[in-house]
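Visitor: Residues per chain are reported as follows:
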Amino acid sequence: MTEQTDIEGNVGPIDDVTLEGIRSVFANLDGLVEEAAFDSRLDPTKLEIRFSDGIGDASWCRFDIRWFQKGYYSFHHTDEQGVNFRFDYHPKPGMPEKHFHSPPEARSANVEQSCITTTEPMLVARAIHSLWRRAYDTKSVELLNEAENPP
Amino acid sequence: MTSPDAPTEHWEGDVNEAAVEDWKADTTTFERIRQVIDVTTEPQSAKQIAERARVSEPTARKHLAALAETGRVKTITTDTGSRYMRAPQMLAMQRIADIHREHTKDEIRQAIQDLKSERRDFQERYDVGDIDELTLKLEPDDDGWQDLTRWQQVEQNLEIAQAALTLYDFDPDDSRSAAARASEGRTATRERGALGDNPAHSAA
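Protein sequence lines, in the order shown, are assigned to chains E and A. Take 1 as the starting number for the first sequence in our numbering and just add one per residue. Take 1 as the starting number for the second sequence in our numbering and just add one per residue.
No lab work stands behind these hints, which were simulated from the structure alone. No experiment lies behind these values; they were computed from the predicted model shown. Don't take each hint at face value.
[What the hints assert, rightly or not] Cβ-to-Cβ under 7 Å is the rule here; a few derived chain A residues that face chain E:
1) Asn16
2) Gln35
3) Glu102
4) Ala111
5) Asp141
6) Gly144
7) Gln156
C-beta: ideal position from N, C-alpha, C; glycine also.
Let's have the full structure, built from the sequences with the hints guiding it.
Guide: Structure (structure tokens):
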């Protein structure tokens with residue numbers, strides 16, 4: 001239920017209305033989006049965005065997205081090759097609140113400052129999509145957390 | 001839109017700023033106001049909403065008034081002017097409509113039972129009556145925060161599931177009988193809640 005998160009602090013319940021908006025952003029922005037749906041409507045814990053292709057050798061990938069009512073979020077990427085990374089914003093004592101869990105394991109320790117500075121949901125979704133798309137087009141996860149283009 | 005063969009078509013400069021430019025290019029001022037207010041859970045002034053949506057303040061006021069008219073926006077009048085936020089009931093309807101389409105009445109009842117038992121587990125494990133008591137007990141690096149988040153989720157799910165159950169057979173216009181008469185001779189449709197065929201869904 002709360003696996004893949006390391007949230008410490010009061011972030012509030014899942015904001016499924018905001019997630020609806022994020023779902024539209026991904027669905028309208030990229031032709032590779034195959035499916036975009038909640039895991040459940042009676043008990044929604046995440047929005048799942050499935051892509052019909054992935055970065056490099058991966059034949060598919062998926063973002064599991066959580067947006068919380070107090071404005072915090074977690075965008076978790078996983079793919080067919082087991083490459084995981086995560087753009088997060090939530091209280092995490094001793095670490096930056098906006099942080100990036102790097103691939104391939106997206107470990108909880110050793111996070112870096114996230115390059116996503118905006119907090120507006122539609123903009124966070126667009127920025128993360130752009131970063132993913134650049135990684136997809138260049139077949140490399142090296143620059144995922146690099147805001148500048150060209151870097 | 002980029003294609004897989006066009007790796008050069010990425011943004012220029014900072015990705016956060018590029019996101020703003022793309023958003024402005026893809027949406028009308030009305031759409032941006034609606035998208036911003038839909039994610040606004042604390043009351044804000046028209047000026048704040050305007051800044052977030054990258055529109056002028058008069059434009060924001062105009063669209064906020066229109067959205068308030070449809071019930072999508074809640075307006076709060078204060079000494080220092082109006083504040084705006086999303087209307088919670090309006091937005092819960094979307095989820096209730098989805099639940100009515102995807103679940104039977106029994107499934108909703110079962111979900112309510114499960115959620116209530118999950119709530120009891122939290123009350124017993126932490127020896128507290130409600131979420132506020134648990135919040136007071138937790139320290140910043142406690143392990144209990146995930147449970148707190150989950151418990152908040154359980155309470156929200158319960159509210160929605162109970163509203164969905166109450167509205168399941170809601171049909172003051174007797175629209176289903178009318179629909180059945182209209183399609184006389186066809187086989188019976190699958191059980192579905194009153195809002196389950198709400199055409200508003202596709203507009204989400």
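Visitor: Hint by hint, which ones does the structure fall short of?
Guide: As far as the earlier hints go, only 6 is violated by this structure.
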